[in-house]
Amino acid sequence: MHTKARSPVALVLLVVAMAASPALVAAAAQQQQLVPCMYIFGDSLVDSGNNNNILSLARANYQPYGIDFSGAAPPGRFTNGLTVVDMLADMLGLRPPLIPAYAMAQPGDFARGLNFASGAAGIRPETGNNLGRHYPFSEQVEHFRAAVRQMGPNAGSPERLGRCIFYVGMGSNDYLNNYFMPNYYTTAQSYDPAAYAADLLQEYSRQLAALHALGARKFVLAAVGDIGCIPYELARISNNQDDDDAAPSSDSGTGISISLGGVGLTAGDAYPINVSQLAAI
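Using mature numbering (1 follows the signal peptide of the UniProt record, and there is no 0), the letters of the sequence shown correspond one by one to residues -27 to -1, 1 to 254.
Just so you know, these hints were derived from the structure itself, not from any lab.
For glycine and all other residues, C-beta sits at the position ideal for the given N, C-alpha and C.
Heads up, some of the hints might be wrong.
Stated by the list, open to error - Just the calculated beta-carbon pair ranges, DEER-fashion:
(1) Asp165 <-> Gln123: 37 to 47 angstroms
(2) Asn53 <-> Gly125: 32 to 42 angstroms
(3) Asp41 <-> Pro155: 36 to 46 angstroms
Model the full structure from these sequences, guided by the hints.
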């Protein structure tokens, strides 16, 4: 990633994957807290239970989800145990390391961090409607806005929030549960791949700008993964014999750019996250 202009108030990092060994997580437990808080926005990859009590097929509060998670019941994570943001919070020294889901958080949790992610969510508001209720990116941002008001002038001040980590991982569902489902959505008929990507980036930038206006300065943006390798998509397409319902082809995007707060950012190759460098920015 290369910045087109320098600014003292905004910096965005692009991250596709973060690997954490048990030894690294254990070492992190011995370190001091590196940032005051972390706020999380995204989809099922980082949802920690916001969909538990809404009418949705995108829920994970039942087994075998959470079978390796400490506690009596599955917490609502779409995995057997911890998510990548759970590990990131641990490595940042946040204690306790698990950032609570906004839907279940207490007011006293807000200053330490909140998880607004929602399974099936996308950048576009209609994305994921085929699975029922969920919280799209725009609604997650509004939830954060409400949380800032509740935190008050100290914990919710732009100066303090500017030292916090804002993790955002959106976009996969805009293809999986939107563009690649032409029998349910019209986007594949309305946009070619390049135009659709441009539309997503425009809306993505608008929501990031809203977070920036509320005080966010340190962003971790998780890029869209290799959709053709996702088991859900492989199973759906391989079981589908109707060519008309097959997923439209798309080219691997390069030169993706986002402008935010006077900083122009270009997404290049992914790199693993360096937690100490991230906290020191």
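Going down the list of hints, with the structure as the test:
no.: 1; hint: Asp165 <-> Gln123: 37 to 47 angstroms; result: holds (43 angstroms)
no.: 2; hint: Asn53 <-> Gly125: 32 to 42 angstroms; result: holds (38 angstroms)
no.: 3; hint: Asp41 <-> Pro155: 36 to 46 angstroms; result: holds (37 angstroms)
When each numbered hint is compared with the structure, no violation occurs for any of them.
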